[in-house]
Amino acid sequence: MAKPTGNPINDELLKIAAQNNISTVWDRFMEQEPHCGFGTLGACCKICNLGPCRIDPFGEGAQKGACGADSDTISSRNLTRNTAAGVACHSDHGRTLAKTLLELGRGIAKDYSIKDPAKLKRLAVEFSIKIEGKSDLKIAEELGEAILKEYGQQEGELTLTKRAPKKQQENWKKTNVSPRGIDIEVVQAFSRTHIGCDNEYKHVLEAAIRASLVDGWGGSMIATELSDILFGSPEPIRAEMNLGVLKEDEVNILLHGHEPILSDIIVTASQDKELVELAKKYGAKGINLSGICCTAAEVLMRHGVPMAGNFLQQELAIITGAVEAMIVDVQCIMPSLPEVAKSFHTKLISTSPKAKFVGMEHIEFHEKDALATAKKILRIAIENYKNRNHSKVSIPKEKMTLVAGFTMENIFYNLGGSFRPSYRPLNDAIISGRIRGVAGVVGCDNPKNESGMCHVDMVKELIKNDILVVQTGCSGGACAKAGLLTPEAAFKFAGDGLKEICETVGIPPVLHTGSCVDNTRILTACCEMVKEGGIGNSIDELPVAGAAPEWMSEKAIAIGWYFVASGIFVVLGTPLRVLGSKNVTNYICNEIEPLYGGKWAFEGDPIKAAHLMIGHIDKKREALKLKPVMYATA
Amino acid sequence: MKKIYCNIKKCLGCGSCEIACAVEHSKSKELNKSIAESPLPVKRRKAKFIEEGVSISTGCHHCENAACVTACMSGAMHKDKKTLLTQHDKDKCVGCWMCIMSCPFGALTRLKEEKIVLKCDLCPDREIPACVEACPTKALVLGTLKEFESKAVNILRASP
Amino acid sequence: MQYVIIGSSAAGISAIEAIRTKDKVSKIIVISDEKNPLYSRCLISYLLAGTIDEKKIWYKPGSFFKDNKVEALLGIKADKINIKKKEITLDNKEKIKFDRLLIATGASPKLENIPGIDKKGVFPLRTIEHAIEIQSMLDKVKSVAILGGGLIGLRAAYALKNRGKDVSVFVKSGSILSQIIDKDAAGLMQKRIEEKGIKIFTGVAAKEIQGDKSANRIIFDNGSEIVGNGRDRSLLVIIGKGVSPNIEIAKDAGIKTNRGILANEHLETNVESIFTAGDVSETNDIALEESSMNAIWPAACEQGRIAGLNMAGENELYEGSLAMNSIEFFGLPVISVGITRPKSDKYKEIVKKDPSKNIYKKIVLKNGIIKGVIFVNSIENIGVIGSLIKNKVDVSGVKDIILEDYFDYGKIATLVKKSKKGFREPEFKETIMTL
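First to last, the protein sequences are chains A, B and C.
All letters in the first sequence, in the order written, are residues 0 to 633 by numbering that gives the first Met the number 0.
All letters in the second sequence, in the order written, are residues 0 to 159 by numbering that gives the first Met the number 0.
All letters in the third sequence, in the order written, are residues 0 to 434 by numbering that gives the first Met the number 0.
Be aware that a few hints might be false.
As the list claims (entries may be wrong) - Listed below are several chain B residues computed to face chain C (Cβ distance under 10 Å; list not exhaustive):
hint : residue
1    : 31
2    : 46
3    : 47
4    : 48
5    : 54
6    : 73
7    : 110
8    : 114
9    : 122
Said to hold, decoys possible - Computed footprint of chain B on chain A, listed as stretches where at least three residues anywhere in the stretch have a Cβ under 8 Å from a Cβ of chain B:
hint : segment
10   : 51-57
11   : 570-579
Unchecked claim - Over 10 Å on every C-beta distance to chain B, these chain C residues come out as not near it, computed from the model:
hint : residue
12   : 33
13   : 39
14   : 287
Note that these hints are calculated values from the structure, not bench results.
In this text the structure is predicted, and so the values were computed from the model without any measurement.
Quick reminder that beta carbons are idealized off the backbone N, C-alpha and C, glycines included.
Model the full assembly from the supplied sequences, consistent with the hints where possible.
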């Protein structure tokens, strides 16, 4: 049995898993220990068939691969490919939304609609589309076309990179990383890292950085904007988080994966009167939707759909025995789920043409008949309620309230109070020293760290030191479970300065801003803070820092890179797999700071990592000649 | 006595045993920190290539009639009276390299600067030696020769 | 059962330990002409060099005899053996009976008939006493002359250079270490030694040692000479001309001897119940495939062990010894095993060298079997080759890679498995079973 995670809910369910001989991610993780040292250090290259090659990190064995590549080349190529893979995920996510927007505009994807027409128009203008006299659908079609064009673009620039402060754009031009188009940078990240191609490590990493910008100021940012347009711009909303949101007397349906074109439609479909009646026919009081991972965040912040768990908890959700169906699309879905579900009645349904799982029923989902497919899937789930073995149900009691749905636009209103929409109050709070700075704590949860607790420890330390924290994805989920995403948390955990601000404005000290693509909301917020003035003329001058204390996915690497390249200091809880090369490590942790204003750091202890961020933020404050922090605690 | 044996049929020559050995004998005992130590930790086990697709991981075999103990002129190499394992006393070692001259497995590592040798010590601080734990195919086992032989026979029977 | 062992160095000590594994009860008496014999003879030069302190020289703890219930007669010489009566007479006229006897009397340094060899300041280097005596001269003497370019001579030279003396080595033959390595390997070592300030003169033999009471000049057969240049002009002279086995006691008793005391494959002499081991014994040489003498520590230990076991009633076979030497001077190691300077054209040699890195590797083959090997500087894995020599393996399939840097046990694993007669030790079962 896996050793206890320290999280009582998880540990209770792990006991049940052990009793039923179900292996979970924690068991399998332990079986993998110790992980391969060569892989961990980035000293393994599998790119060509002269290999796979290993570089001996202890200096005795081979120091070069068969082709002559040393650890600098090998680590930088591996890191670039990992980055590109993460970028590809977000590019596709944006692409799907752009296609949906286009098809909506053309009258094909009839089940979708424009929920935020004002934003549609603003974005269209950014893409140089004339909006006078055009219907929303027409604008949607043209905007969809314009965005998809940038996917296939070979020369030029990406529209949204122009949102970045001048200095950032200049940095990118100077270092030859300004992206030319979306897909081309991902393709070339791979073609350049083929055997015998790009070998000089700094040059190789240029491809990684350029690809990451395509994510942050391309695919992800497009995804965020289009999701708001198609599904509604979020407003602060109270919701619930943790496995306790599952209901004993309702049909529990879990949404898992990433794309809101599926999850949002399912929310709509679940309100269908016929389906609710069907549920009641089987003895359930109703339909209880909840989510896992990023798609959960999407419907959480727009519809208040509760979040059942984050990445590591996906198997535990099934082990409660209370889930009729888990509907999945792409990314972060464990292939172990069907094996886990065998012991229960839970049906697993995959929906994406890009993602099939052994043991899952595949009902492919397409935009053109979205609502019909959604209803079909829900019907299967509801009919499964009669198969629930109520004696095997073990829903934990714990669930926590959180306030989610903070975005770049609505923060205006919240920070300024209803009558003064602007970033001024935030900037003033930073200038006055009530708020030391802003930190983005994001990313996955990982048994390598503390299965989520690192986020909590880090965030508590940050807000104790008057740092306003913004969160996305599973990190937000982890802190929500600890009750940090409520205004009440400010009284319990925040330092005096932050407490004041939270009290005045009525916000939590930790702001949930969405799913992982919504990390771009943080980028946009930084741009606004710069525009508002007084705390730096470019993103790298802002008193901000970022962290992914338990990162797991390649997407996390891509996100980290685009923050670093945009001027932000990012701390990871486990190192990127480059330590086998002293040069590459030194380059990404030190030498790139003067080039971009941002850099990486690796620190496993969340408190120490928090203090790296605090120290960094203090340095920025000093450089800006701001007053000292009002209520010094660090 | 329990020793470390390698089932060649399962050895991939991946080198995980080497890394685990070095990390276990480092100051920090952590992979990421050990590669930055000075001096670097020294591994006492090596994955050795036999032919395409065939490798063996070897270290000190703690031979019954240990040639190194016979050859050692300072008494540094000796048999532990209780465990009968071959032990090396660093304080007595004068770096004469007679053990390197005698070992049929090449299991000794020369430390040129300090003028002593190093060899597998069966990880006295651990219940299960680091290499055995790290082996991803469980080719390395800790056991008596009889235990290894019976395990190996079963695998030989099962393999095509 | 009463066991008597003459000699308490490597062979004698190993025999004692071996007997006690089988017979914990019977009496063992050991006779040694040294008062404190439990030191490692090989470490004498290290002691002289000052690179180890006296503590390290003790091979066994002082309680060794007590721990093994051995009656030790130390500082006493055995004079006669009466084979019929199975009785030993000591130099103090005492008589001791034996049921089993081991003659492990070792060898003594050869002191040639050079006039003046008995002057003060002239020493061999074999015992701890020699080392102590030489030590006592070191604050008075500056110049050292080493007569002999073999192992003892060079070890003494290195030791005394380390103590800050001016050292000159005089070698009769054309190269140093001519008994154990070939000219090329010797050349690399000579270069290193000379770089570090030891002078080497080859092709010269000492004719006369001159001086009042103490030696202060040596005259050589080519007319050259060396004088002391210390305060009192005295010269420290070390004789390193090899050793001759102490066979007199056996010869006198009628036990068969040749160069050494002849031993069969049980290490028994031609007289039942009388065994022999160590530097005094003559046994089968595995490489030469004839009887020979290999007066080295590992052979003495192995012979003592097997002789001891057989004395205690076991039936162990001794395969034979191999010439084996490992030395390192000034950071340059040289290891040689077996036949390194073959004298007939029946032998083939394969050489790999990199003079810029001081690397020299050579194997000597006969009919596809390795008979000898020399490694200079890059000594890793030479033991694997030693094992091929011992097991008489046909290496025709791998001879091209034996001298490569990547050669290791893995490269002979297949040979181990295929071997019909060799590799019988339990440690090879792992390979034979699973390969």
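Hint check against the structure, violated hint numbers in rising order: When the structure is compared with the hints, numbers 1, 7, 9, 13 turn out to be violated.
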